[in-house]
Structure formats: structure tokens, C-alpha cells
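The listed protein sequences derive, respectively, from chains A and B. The first sequence begins at 12 in this note's numbering and counts up by one. The second sequence begins at 12 in this note's numbering and counts up by one.
One or more hints might be untrue.
Which copy is meant is left open, so a pair is good if it fits within one copy or across any two.
Derived DSS-like pairs: lysine-lysine, alpha-carbon spacing no greater than 30 angstroms straight-line [said to hold, decoys possible]:
(1) Lys149 - Lys39
(2) Lys316 - Lys149
(3) Lys149 - Lys360
(4) Lys292 - Lys316
(5) Lys229 - Lys316
(6) Lys145 - Lys39
(7) Lys316 - Lys366
(8) Lys39 - Lys229
Simulated from the structure, these hints should not be mistaken for laboratory data.
Number of protein chains: 2
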Amino acid sequence: MSSHTPSNPDTLSYEQAGVNYDLIDPLKVAAQRAAAATATHLSGHGFTEVAASRGESAYVVDVGPFYLASIVECLGSKALVADEMAELTGQSYYAGIAQDTIAMSINDLITVGATPLVVQAYWAAGGSDWFSDKQRAKALVDGWKAACDTCGVAWGGGETPALAGIVESGRIDLASSCTGIVNPKSRLSVGDNLQAGDAIVLLSSSGIHANGLSLARKLVERLPNGYMTQVEPGVSYGEALLAPTALYSPVTEAMAAAGLTVHYSANITGHGWRKLLRHPKPFTYRIHTVPPVPPVLKFIQQWAKHDDREAYSTLNMGAGFALFMPASQAADACQIAEDLGIGACIAGKVEDGTKQLLIEPLNIRFGDDDLQLR
Amino acid sequence: MSSHTPSNPDTLSYEQAGVNYDLIDPLKVAAQRAAAATATHLSGHGFTEVAASRGESAYVVDVGPFYLASIVECLGSKALVADEMAELTGQSYYAGIAQDTIAMSINDLITVGATPLVVQAYWAAGGSDWFSDKQRAKALVDGWKAACDTCGVAWGGGETPALAGIVESGRIDLASSCTGIVNPKSRLSVGDNLQAGDAIVLLSSSGIHANGLSLARKLVERLPNGYMTQVEPGVSYGEALLAPTALYSPVTEAMAAAGLTVHYSANITGHGWRKLLRHPKPFTYRIHTVPPVPPVLKFIQQWAKHDDREAYSTLNMGAGFALFMPASQAADACQIAEDLGIGACIAGKVEDGTKQLLIEPLNIRFGDDDLQLR
Numbered sequence: 012m013s014s015h016t017p018s019n020p021d022t023l024s025y026e027q028a029g030v031n032y033d034l035i036d037p038l039k040v041a042a043q044r045a046a047a048a049t050a051t052h053l054s055g056h057g058f059t060e061v062a063a064s065r066g067e068s069a070y071v072v073d074v075g076p077f078y079l080a081s082i083v084e085c086l087g088s089k090a091l092v093a094d095e096m097a098e099l100t101g102q103s104y105y106a107g108i109a110q111d112t113i114a115m116s117i118n119d120l121i122t123v124g125a126t127p128l129v130v131q132a133y134w135a136a137g138g139s140d141w142f143s144d145k146q147r148a149k150a151l152v153d154g155w156k157a158a159c160d161t162c163g164v165a166w167g168g169g170e171t172p173a174l175a176g177i178v179e180s181g182r183i184d185l186a187s188s189c190t191g192i193v194n195p196k197s198r199l200s201v202g203d204n205l206q207a208g209d210a211i212v213l214l215s216s217s218g219i220h221a222n223g224l225s226l227a228r229k230l231v232e233r234l235p236n237g238y239m240t241q242v243e244p245g246v247s248y249g250e251a252l253l254a255p256t257a258l259y260s261p262v263t264e265a266m267a268a269a270g271l272t273v274h275y276s277a278n279i280t281g282h283g284w285r286k287l288l289r290h291p292k293p294f295t296y297r298i299h300t301v302p303p304v305p306p307v308l309k310f311i312q313q314w315a316k317h318d319d320r321e322a323y324s325t326l327n328m329g330a331g332f333a334l335f336m337p338a339s340q341a342a343d344a345c346q347i348a349e350d351l352g353i354g355a356c357i358a359g360k361v362e363d364g365t366k367q368l369l370i371e372p373l374n375i376r377f378g379d380d381d382l383q384l385r
Numbered sequence: 012m013s014s015h016t017p018s019n020p021d022t023l024s025y026e027q028a029g030v031n032y033d034l035i036d037p038l039k040v041a042a043q044r045a046a047a048a049t050a051t052h053l054s055g056h057g058f059t060e061v062a063a064s065r066g067e068s069a070y071v072v073d074v075g076p077f078y079l080a081s082i083v084e085c086l087g088s089k090a091l092v093a094d095e096m097a098e099l100t101g102q103s104y105y106a107g108i109a110q111d112t113i114a115m116s117i118n119d120l121i122t123v124g125a126t127p128l129v130v131q132a133y134w135a136a137g138g139s140d141w142f143s144d145k146q147r148a149k150a151l152v153d154g155w156k157a158a159c160d161t162c163g164v165a166w167g168g169g170e171t172p173a174l175a176g177i178v179e180s181g182r183i184d185l186a187s188s189c190t191g192i193v194n195p196k197s198r199l200s201v202g203d204n205l206q207a208g209d210a211i212v213l214l215s216s217s218g219i220h221a222n223g224l225s226l227a228r229k230l231v232e233r234l235p236n237g238y239m240t241q242v243e244p245g246v247s248y249g250e251a252l253l254a255p256t257a258l259y260s261p262v263t264e265a266m267a268a269a270g271l272t273v274h275y276s277a278n279i280t281g282h283g284w285r286k287l288l289r290h291p292k293p294f295t296y297r298i299h300t301v302p303p304v305p306p307v308l309k310f311i312q313q314w315a316k317h318d319d320r321e322a323y324s325t326l327n328m329g330a331g332f333a334l335f336m337p338a339s340q341a342a343d344a345c346q347i348a349e350d351l352g353i354g355a356c357i358a359g360k361v362e363d364g365t366k367q368l369l370i371e372p373l374n375i376r377f378g379d380d381d382l383q384l385r
């Protein structure tokens, strides 16, 4: 992706951090095509897929009285930061890691307008001995339950395999799957109703969340005191990175309960603000207000020598979730989020025009070719 | 577990093969307790859990017009056999591995009477380069789609993370999640109707499936030609192990379409035939007929020096799935399975009495203390 090519030779790019999307993408395309061809099977059961959900963050099926949404999501490499920090401080950070893992699936599932109902845990350890650290295991269980409590979902069960030879010794591969329903069906938000004039409401992030961690980990080599380098007084880089991902389903549920309408949503993850360009319709997304940038993201931007364009194309830069909704309801939406402890702002609006994102306060433009997710 | 203690010093036990359930089980118990406490959240959405599904193979929620069932399941270590065999033969075995991975979730989901609707793929590689082997990647995609076609499910999407530092280089951690519905609700088979007089119908396995692979891999050290040792003329041990897991949902769907009733089911996986004792009710399960044992399982039993009790307590020994149903319908069930190419036999019956499994042709008894899953 052209926007990933750093202009400054000191810049630490995502590719240098070890993630090469060019190698993964051909498989993804082949898998997406094969997956799309299986949708016809649903008719044998009397159901149909919501075709517009193909390529969205969760897959949606029309099962009659409501829509069924499902997803599986990986935490990524954030647990490696928890492991490094545990060695440095003797503390366990796995309660937060559990919340991160659940947030990965729940924050994606709600983009289609779904109410999350059931979460399943996938905890694949490098060996049985991973589970013998009682403090860490308890933190993982307690954090998982607390996140379920926050989101009002039932923890259905899960898998705790010991995968020596596949998962590295001492490590754990964490993922979550989530199933929910869109009910009433009018809550479906796969973008059919996205329109010029809609307001763009941004919900605040709590930090880096769980995307950009390969870069953040690679950066440690450059820091004077590694993970213990202070991001702000009294807060180390490692601790700041480990702030758990905000859970947004309480906000979307409260908004639905208040009768607010969402036309489209985007969970701002792996491609930073380029995710605002997610929907295939040709609109211009004009941003007039950017939310405050969490100190840890400012810190990463400085040390990785990223210009604003590079930073906003990779990290959430303070915006964890975007809602596209009738402008008349945007202030109420912000109030509901704030009442739940999640910062929110009316950041911009949707306009007819070329497909592009204009972050006016920073003089950044992202075009259609800057995001190829489908 | 007492039945896992080998009596013969040459016997290769599961613990020697690297899996120590004693270390995992305390975490599992803590997780199960925490998970059970989250069920009350469903009432906030107007729904309730099917409490009897706690501890069963899939989690079930009553959402009104039907039940919702969901699950996530790990493949385990079978992909390591595919990797070893690819080095020895130059072939890719990942089409079969894909089927195995889907079978893990689908064969569990159907135990509660659910129709699988959507499968999600979880393919976590040790690095982006895993996906650059085009033959292997194509086999994985093609095999995944073919299994979805066989089961009539939609492939909703999934995750293909590159997890260097967590998943070992050159390896892949494979899992699947599955969502389905129990419809009509009378198909629910969590054991409420399990009763004395029910027939036990066993569906044939296609080989080792994806359980017991730690043991099977460890055994290679003892074999004269490793994975290339012949199990039967023209079939190597490695190839025999890689026979893909049978998919049983076509059978359970055809049975439902024919109006047959299932009172309870068990997917015979990690604890071998002890899974027949899964339901908490106190019944005696009397087996009068055992299905043929696949050559690869006979071979493992011989080389691992397992007596029949040890073998049947660990491996499927030819029975991949058990159905407990009205005796009057058992012959029809077998015919439906056979018509779909899955061997089946009426193997025994459910009786009032002490909780035990009596495999009479082999003079084996498993008691309640031989299986502690909950």
C-alpha cells in the first residue's frame, strides 16, 4: 500500500516491524471468493445472507425474525507486551489482555448493528504449563468475566488447548468469537442508509487498543529505557500500551435503547483512520474536529518519526470507533457515550463527492486507493 | 485420571506425549464457574440460556422462535503431521486439515441438535511467509470450502493473522467457530429426554480424526520408518493419520428431515469412548457390538502397547459419533447414515442403573470416575 512507504529513512514502517500484507493478501482474496460462493447453502435452510455484510466486520444472515451476526477475532501480539512487562514488574496484565481480546470481536460485531449475546474464549497456550501460573490464569479468567459483565454478554465456553510445537513455549494465542442478533431488523447498519449529510461521531480510544502492536514492540529497541521509558510522568511505555481496549457495545446498546439511528459504523483498528473509508459507496468524509491523541500514540508517532499522515493511516490516534448517523441525533449520541464514560465528539460529516477522507485540521487526504480491504 | 496410568512400563501414555490435564484443569474449572455466572446477562436482552448446555459441546441460548448454538474449537496438533508429511512427500495435506478443523466445531455443534449455519475461519500463522506457499494456501482454502459445501454451511469470513513470536515460525494455529440454530426447538438434544430403552447408534470414524495426535506423533520415534512406516499395504502411517475427520452434520440433518428423534449425542473426541458417559444422568450404557477399528488405530494401539481399555479410553476406535435415540428408529438412522456414505451400527442400549459404560465384547467397564468433564 503506497501510504505505507515511509519517506524518511529513519521512519519505522509496518513492514520493518514484520507484517507483510502483500504475502497474506492473495490468500485473503482467494478465501473471500471461496467464502462468498458458500452463501447459497443458506437457502437450503430457508435463510439468506445479507450480502452487504460480506467484507464488513461481521457476517450477517437473515434468519427471519431477526438477523444473526457472527465473528471470530484474534488479539494479535499484544500479549507479548504483557509478558515482557510481567518480567520487568512482576505484575500480571492479563486481566486487561482479556478485555482486549473480547473487544476485538465485540467492537467488530456491533458495527453491523448487532447486540452481542454470546462470547466464546479461545486460549491456545504453548504448553500445559502456561496455565500453572495461578496469578496470570486468574487475571485472564477475571478479566474475561469482567468484560462480559460490561458488555452484558454470556460467556458460553471455549477452548484451552495446549499446543506445544505450534504456539511458542511460554506464549498464548488468544482469540474470541462472538454471536449476536440484529433486533429489531431496522438496526442493521451495513451502510445501505449511509448518506450525504450524515454526521461522523468518533468515540474516544483508550490508547493503542490492540492494533499497531507489532510497530509498538519494534519501537522498544529505540527507547532509552525500553518498556520502562516514561510516556508521561509516572506512566511507563509498557503500562501505557497495556491500557485495555475500550468496549463500545454499552454505547451502541444505549443509543439503540434511546431510539437513535446508526447508518453505518467502523471499528478503527488495523488501518487507522483509513477505516473511515471502509464503505464502498463514493462519499467524501470531511473531518473538522480531531479528538485528543492519547499520550502513548503521540509518543509512538514521535519515536517512530511518523508524520501525521503515516500516524493516522496506522494508529487510531484517539478515535476508537466511528458512527455515521443523522446529524440531528449526533449530539444525543455523544451525550450517551459521555454518560457511559466514553469520550465522544462530532468530528465531521458525509458529503457527496469523490471517495476520500479529508482530515482538515491536519491537512491530510486519504483516497480510495489508500484502503483496499475487500 | 486413573485410567491414564499405564500398567505396562513400555506403554506410551498421554502424559508422556506432553499433555498434562492436571495443569489445565484448575483454570478450566475457574473459567467454567466465571462463565456460568454471566448467563444472567441474557435476561437483559429478553433471553435465557439453556442451562443444560453448560458443559455440553456447544452453548445454547433460547432466543424465542428457536435456540441459538455457538462454539469455537481448535484443530490441535494434527497440522504438525501434515507439515512433516509434506517434507517427506512434497505433497500438501492442508485440504484434509481444513476439513479436520471444520469438523472440530461442526461435529460438536450438532450434538445439541443444532443445524450449523455459519462457519468462521481462524488461521493464525507464525509469520506472513506461511501464506506464500501457494500450493498449501490453495489446499487450505479449497478444503475449507469443500467442507462447507458438504455441511451446507456458509463460510462467513475469518481471521488470518501473522503472529510471529506467538505461533512458531513455519507453523499455523487453526481453529473454527460455528453458529447454528436448533429449529424447530423440539430438536434440542441436551439430554433431558435421554432414557432407559434408548438405542446407542455409533457412526463410523474415518481414522484418528483430530484427537490423540500428541500420542500419535510421539509414537513416530518408535517406528522403523517413522511416518513412512506402512500401516497397511500402500498406506503410510502419516497418510493414514491424515485421513480427514468425518463430517456428521449431513447425517443429523437428514435424520431430522426424516422425522427421527435424537435424545442425546456425543462427539467422540479427546476422551475416546468415555465420552459415552458424558451426560450427568445415572444410566448404564451397555454395548453389545463394537464397530470395526480403522487400521491406523489398531496400529497405534499395538505400537503404543495399549490394552483395549487404554485404547478405548483415549481413541475413537472406529466410532466417531454416538446417537442416543428411540430404539424403534435406530435402524432407520443407520440406513440414513449408510446412504450418505457413513458407516453406522446399533451398538447397544441405555439402561437404568449405576453410571457406567460396559463394552461387553471387550470386557471393559468405565465408571463415573473415569470421566470428569464438567
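Note to self: Checking each numbered hint in turn, tell me which of them this model violates, lowest number first.
What the structure shows: Failing hints, ascending: 2, 3 and 4.
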